[in-house]
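Hey, can you work out the whole structure from these sequences and the hints?
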Amino acid sequence: MRRFLCALAGVVVAAGPACAVLPSEQLHDPKLEARARHIGDELRCVVCQNETIDQSDAPLAHDLRVILRQRLIAGDTDRQAIDYIVARYGHFVLLKPPFETQTLLLWLGPFLVLVVGAVGLGLMARSAARSDDQTAPLTPEEMALLRRRLEGEEGP
Amino acid sequence: MRRLLFLAPVVVFAGVVLAFAFGLRHDPSVLPSTLIGKPVPAFALPPVRPGDGGLASGQLTSGGGPRLLNAFASWCVSCRIEHPLLLALKAQGVPIDGLDWKDKAADGARYLVQQGDPYQRVGNDESGRVGIDLGVAGVPETFLVDGQGRVRYKQVGPITPDDWTRTIQPLMERLRRE
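Going down the list, the protein sequences come from chains X and C.
Under my numbering, the first residue of the first sequence carries the number 714, and numbering increases by one thereafter.
Under my numbering, the first residue of the second sequence carries the number 688, and numbering increases by one thereafter.
By construction, these hints were calculated from the structure, which means they are not laboratory data.
Heads up, the beta-carbon is just placed ideally off N, CA and C, and yes, glycines get one too.
Check each hint, because a few of them may be wrong.
As the list claims (entries may be wrong) - Examples of chain X residues lying across from chain C (beta carbon under 8 Å, computed):
id	residue
1	759
2	773
3	802
4	807
5	810
6	811
What the hints assert, rightly or not - Now the stretches of chain C that chain X is said to cover, found in silico as 3 or more residues with beta-carbon under 8 Å:
id	region
7	717-728
8	815-827
In structure tokens form, the structure reads like this:
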């Protein structure tokens, strides 16, 4: 039983993330294939939208993997090959969106929220401090009353 | 300042309402076309119907009024839902061309014989490469192409009668006057 569990654990660990790249699609040149895998891992399959084209079994993902490899063989740089797909399906296919004017809010949004939060906290702290200052000091009558109370005398 | 603080939850709530109002109406599975305003990419496809001329991009750009380019396939279930509408549009005189996507020509031809044929021209894109050039992610998808061969609108999924009367028909009429 123990041996079986060990074997099972070994299989699970060795399996790694699912990959749909078929042997027939793979390039003979290991360098090009590695580049294709690297790019394919960053492109979203437009059919099953939360998988990369490398993970997806959809026929369209297969077509895109083949096209990607054709572009690389034809001498495209990684950037050009990615742009070829983006020109057809839009920026949505990029799982790692580029930093540009259209994506400014996406990249800087969290920091914007942080700044707004910090400014809000600062304002709150300042107004709290100011309202403390605004408390009027005790009048001489109140001071006298307080002293009498503290010394245990009966008040009016 | 402190007096205005009670408004903060209201402002946050209004923000959440706005975010949901946009987010719940927006269907993330519908991708905007990158081709809007651009000419249809060049292609020349073999026929689906035996003995006719197929479909080439030049035929879409050679003047004439706006027309629909409908990507379909014989294996596609929602195309069958859309099909009666296409036949009705043909009866109204709306020019429609067909792109038989990732399909065998013989299967496409049989589909048109069985379901009726709303198309003026039909091209067979068995490898799906022309569809990919057009940014087709699945069928049916329909492009509204103007008289100069530029894509002006893309419908993802079957055209419903509502889509037609509210969106596509008004746009087509506007393009016809252009």
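Now for the hints, and whether the structure bears them out:
1. 759: holds, 4 Å
2. 773: holds, 7 Å
3. 802: holds, 5 Å
4. 807: Since chain C brings no Cβ nearer than about 12 Å to residue 807 of chain X, farther than 8 Å, the hint is violated.
5. 810: With a closest approach of 15 Å, the residue 810 of chain X hint is violated.
6. 811: violated, 15 Å
7. 717-728: Holds: 4 residues of the region 717-728 of chain C have a Cβ under 8 Å from chain X.
8. 815-827: With 8 residues closer than 8 Å to chain X, the region 815-827 of chain C meets the three-residue bar; holds.
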